[in-house]
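Since each chain sits alone in its own frame, please combine them into the complex, following the hints.
Okay, here's what each chain looks like letter by letter:
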Amino acid sequence: MTPPYFYKTIGGDMKEKLDFILNPEAVKDSSVSIFDIIERPEKPIEHFSAKELGKDGERVATLYLMRKGFEVVDLNWECKLGEIDIVVKDPEHPRSAILVEVKTRLSLKRTDPVIPELNVTVEKQEKYRELALLYLAFHKEYDSVRFDVIAISEVSQKKASLRHLINAFCIDGE
Amino acid sequence: MSRHVVCVKSAFLRGVEVLPVEVQVDLSGGLPGINIVGMPDVAVLEARSRVRCAMRAQEYEIPRFQVTVNLAPGSVRKMGTGLDLPIAVAILAATGQIPKEGLDKYLFVGELGLMGDVSAVRGMLAYIAFAKEENLTFCGAPSAKEVSSIDAACKYVDNISLLKKRLSLLPDMKRDEEVVEQTVLGLDYRDVVDQEVAKRALTIAAAGRHGLLMVGPPGSGKTMLAKRMPSILPALSTKESIESALIHSVAGCDNAHILGGNPPFASPHHSSTIAGLIGGGNPMRPGEVSLAHHGILFLDELAEFPSSVLQSLRQPMESKKVTITRVQGDYTFPSDFQLIAATNPCPCGYLGDPDHTCTCNAAMVMKYQNKVGGPIMDRIDLVVDVRRPQVSKVLEGQAGMDSATMRATVLQAREYAAWRQKKRDGAQKSSLLARLMYSVPAANVLRNSGMSLKLGGRSLSRIATVARTIADINKHVEVAPEDVSEALMFRSRVSLGVAA
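Protein chains in written order, with the working numbering: chain C, 890 to 1063; chain B, 2 to 501.
Just chain B, with the same shape it has in the complex (with noise of 0.2 Å):
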């Protein structure tokens, strides 16, 4: 009997990186059965019943032969079911069932059912962006927004019946023209009645993509002010979209809003654990602070989380990227987010209300202040008291700022920064206020407030770029004293036991 060795390219995920595979598949002589080697793990091996049902619904021969199918490398465990579709194309090649011919130009991935129908799995946005780095045509069943986002090559074969013609006979997979406006999800901060301050917290927060803490009393609207933040964010470039959305399609998360323009919104709850939160696993996932990369991620309740869990953000946020490390390799997920936290500022929830009596003792809202820590407030640009609003205006309504106006001010101070640094045509200026354009004036009432207030450096820091971002939205090409007044407004409270 003549040696039919077939090779057919495939590829597999590892985190968030695609990694090649070549199936290869040998006929041979004797007892009947597919043999799988090339580390395979459980889902692998299991490809074997659904190729031979999918080949059998599909009026296929099932080879009366030993078909050995490696999977090269060897030496690197493959895990998921999306080589199902090139094995079972490889064992049709080499059985001469389908044209072998122009085989070696197409990258198949891809889950097949029992009649023969193939489905997508988890990282097709991986998979096809891989194909577009390495020249070849992805073959599967992606969604058409997530091919046209790419704008790779792409045949869709929904069945492996369409394989008994040759595949370059196949139409391209259409392109999805429809184009998708940024989608404000139904939500918008016209429902949020008397929260002006916070609302002007959260624009500047937008503008200038600072972490920003919320703390209020129970009731008082906190999680519904984060919940619309991404009605006022500007739509993702497109590099941005895609990044963001290769990771929900490695997660297994939808991403059609993203590949959209929306920003990513995660809001992960306080019983989360550290590898839900950083991405942990087998097969490793990205975890909520990848998914929420170039979006927001919202901690709601954020005394609540362990802080263990807290203080594993510290690195994701400081070097936005998260790393971790495995006995086989460490893995690296891209984590670039805005933080939003919303937290009560006491067990109780009443310390500072003017109309509920705190219940709680120094000591209790001592411990509770201190579970979220120093280094994580470090990294909150922005803390904003959240009162309960007036029980007339709740009832009455009130015409307060909607989302469409509020977007419209980010988007300008955006546009003004990026105007206002290109002006600044790189001078290299050493000290942080000439680089951050202080009047003066300005420069002044820091310095003074730096001092009768004992700031820290840090937090003198953080006061002087999030006036800049002020001065943006106020259109000042040098910071103005009023600029460095409101940014004070929403320095962190000293009530919270924190470092300021």
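Same shape as in the complex, but just chain C (with noise of 0.2 Å):
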């Protein structure tokens, strides 16, 4: 039986996906900057659009993971509820999913510190709480999720700062 067209998914090769790493061999090597391993538009950040900035976020964070040791699983998983940006799967817990949103803005000249992870709003839990409904139904593999995010705020052209909060939010009845 085919799943109704609301819950279809759009698959892909994860290969393909994970076609902006330039130098695979260098993914485990710190030494080397994230930025210069992944593909960019050529322009300077400021004139990222807001598309370009959030692509450019999730690259840095799945480069990010990959090198804490995390599996990545998939990448932009979508159905018509909308996308969970990484899928990860820490090695210990196979059972486990990971599901990273990311949170990407740009913080060149400006005297306040921002904070992207507040644009996890209370609305958006409830739907990230469909999609992982969604996602285990999809994934027999896992039991459970845990709801990761990680906040990128671009400094400069090859500096940003980067938060992972681990296990941001739990989903209580009422």
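Be a bit skeptical, because a hint or two may be false.
What the hints assert, rightly or not - Capping the alpha-carbon separation at 25 Å, the derived lysine to any residue pairs in SDA-like fashion look like this:
#1 C/LYS1029 / B/GLN67
#2 C/LYS1029 / B/GLY34
#3 C/LYS1013 / B/SER29
#4 C/LYS1013 / B/GLY34
#5 C/LYS1013 / B/ILE63
#6 C/LYS1013 / B/LYS228
#7 C/LYS978 / B/GLY30
#8 C/LYS1029 / B/VAL6
#9 B/LYS228 / B/MET318
#10 C/LYS1029 / B/HIS5
#11 B/LYS368 / B/GLY350
#12 C/LYS957 / B/ARG57
#13 C/LYS978 / B/LYS228
#14 B/LYS165 / C/GLU981
#15 C/LYS1029 / B/ARG57
#16 C/LYS1016 / B/ASN36
#17 C/LYS1013 / B/GLN98
#18 B/LYS165 / B/LEU137
#19 B/LYS165 / C/LYS1029
#20 C/LYS1016 / B/LEU137
#21 B/LYS101 / C/GLU981
To be verified - Which residues of chain C face chain B? A partial, calculated answer using Cβ under 7 Å:
#22 GLU967
#23 ALA1021
#24 ASP1032
#25 SER1033
#26 ARG1035
#27 HIS1053
Derived by calculation from the structure, the hints in this document are not laboratory data.
From the three backbone atoms N, C-alpha and C, an ideal C-beta is built for every residue, glycine too.
So, in structure tokens, the structure goes:
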């Protein structure tokens, strides 16, 4: 039985999805800047469109997670409800999927700090809850999920601050 | 994924009653989160955040599963923060982070702090007593005094990090062996000058647990006299002190001095509400009459109390317990107290004072005195006039009776009464005077005064019992005429407008 159109997911080859990594050998080499091994638009970051900035952040986050030892399972898992930016797996807990939401903001000359993670509002958490249930329904290999948030403030062309919120929120009952 | 249901025993308060709760925890796959069912109230729901922070602080792992917490029985509303600890224990046991074996032999009650520290909640004494009744070992952070007073088994867990080890390996809680002598709280009748008659009346009241009303002008020392009353009362028995301390514990008041044997002394302000006096609120708390259980309820400025509040005292005084009915059911609190009251004789306070002129007219005095009302006066056995002390005696001081002397008198009188009653050996006698062991001349004095003063039946029987107490103080086996004469002196004044 095919799932109804509403729940239809857009799959895709993981290999293709990881095409943005220019130099796969340097992924585990922490002496190389992440910005040097990912594909980026050739213009100053202040001229990035919102979409380009978001994509850039997701790529940085993916590399960060790979360097941390997580196994990247899926990128931009989509269905009609929305999108899960990154799905990774902790080798120590192979039955648990970690759903990562990446929030990227530009923070060039601002005096007050930019806190991208504040954009994960209660309404969005509710959306992630539904997405997570759907993801679990399509992936029987997992029995639990964890919600992480990665907040990236891009400060200059090759400099950004990154915060990884582990288990950022839970879904409690009423 | 296999099922891991873990049950942990706990309890919660309903009035002064303790009801058992079983905290059941089930883990299931899916979204991470904690879900509490079984009629929790807001404080119980907030336990989720406290439990999560406490677990994180003590380096336990937060389960990545859907945690369902059930509080059985599910049909009663659970209140309070005492369920934090059992919920945390059940979750930790279900996730295999602490040993599961033997948990059913413990009763857990305690509130969690964000660092995993466990603190006491109100009603600790009641929970410990309940655990002892159920043959469980209490587990939480009570005070050593409370545990040793009940002599119950207890494991002291002041942080959830202690649970990593098997509970049976934890040492039993140390007993508080320090014996606290009855402390007189620094108040002594020595400080009250020129009030020997009132002191005598208080001694009689203490010896026979009679209700007492002091009437006098402002500044005569009524409040001073009443405040020193606990210093002449005999120490509470163990059973009494636990009963009283349990109510204080449930109300969230300090009970250390009561566990030390001191009778409680409650003195509500005259702006108190009915609920404050007899109990009420949500969650239901005992009122001042219950806090005065086995001790003294002192109502200063009796006439200033709203009459509805005073009328609400009638049932607790009569039945020595308060029953409050709510939609959810009845709550019963014990309230066996001794009433001590003080009032001015009139609004200005100087009625009957030889040195001041009273500025009130008859109607005002009448209205003021009627506020107290007959039903309350009926339950007051002794009325004593407190006059202003003489100037010279206040300034120079005067050695009068001190608390130690008065207390000795009270103790002897109680002992004598107990001995006398044992001697009577349950011989059932129908008449009041025979029961109280009146001598013939004493009975005649009572009969004659009853007729000449036109005393009512209730008033007569009150005088008769007060005279019996005085006879016990004087160590008379049979009540003598002088005992009756003294009792007649302390009867309610006709001028107070109260049905004598």
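message: Please verify whether C/LYS1029 and B/VAL6 have alpha carbons no more than 25 Å apart.
response: Distance of about 23 Å is within 25 Å: holds.
- prompt: Straight-line Cα separation of C/LYS978 and B/GLY30 no greater than 25 Å?
  reply: OK: C/LYS978 and B/GLY30 at ~16 Å, within 25 Å.
field: Satisfaction of hint between B/HIS5 and C/LYS1029, Cα-Cα up to 25 Å
entry: holds (20 Å)
field: Agreement of C/LYS1029 and B/GLN67 with the hint, judged by alpha carbon distance not exceeding 25 Å
entry: Judged against 25 Å, a Cα distance of about 17 Å means the pair holds.
message: Given the hinted pair C/LYS957 and B/ARG57, is their Cα-Cα distance within 25 Å?
response: holds (21 Å)
- request: Compare the distance between the alpha carbons of C/LYS1013 and B/ILE63 with 25 Å, and conclude whether the hinted pair is satisfied.
  value: Given pair C/LYS1013, B/ILE63 holds - Cα atoms ~22 Å apart, limit 25 Å.
message: Let's test the interface hint: is any C-beta of chain B closer than 7 Å to that of C/GLU967?
response: This interface hint is violated because 20 Å lies over the 7 Å limit.
C/ASP1032 as chain B interface residue, shortest Cβ-Cβ below 7 Å: holds (4 Å)
query: Are the Cα positions of C/LYS1013 and B/GLN98 separated by 25 Å at most?
result: Outside the cut-off at roughly 32 Å; violated.
Restraint check for B/LYS165 with C/LYS1029, where alpha carbons must lie at most 25 Å apart: violated (34 Å)
field: Interface restraint verdict for C/HIS1053 against chain B (beta-carbon cut-off 7 Å)
entry: Hint violated; C/HIS1053 Cβ to chain B Cβ min 16 Å, cut 7 Å.
field: Hint consistency between C/LYS1029 and B/GLY34 [alpha-carbon to alpha-carbon, up to 25 Å]
entry: Roughly 20 Å separates the two Cα atoms, so the pair holds.
Hint violations for this structure: numbers 6, 13, 15, 17, 19, 20, 22 and 27, all remaining hints satisfied.
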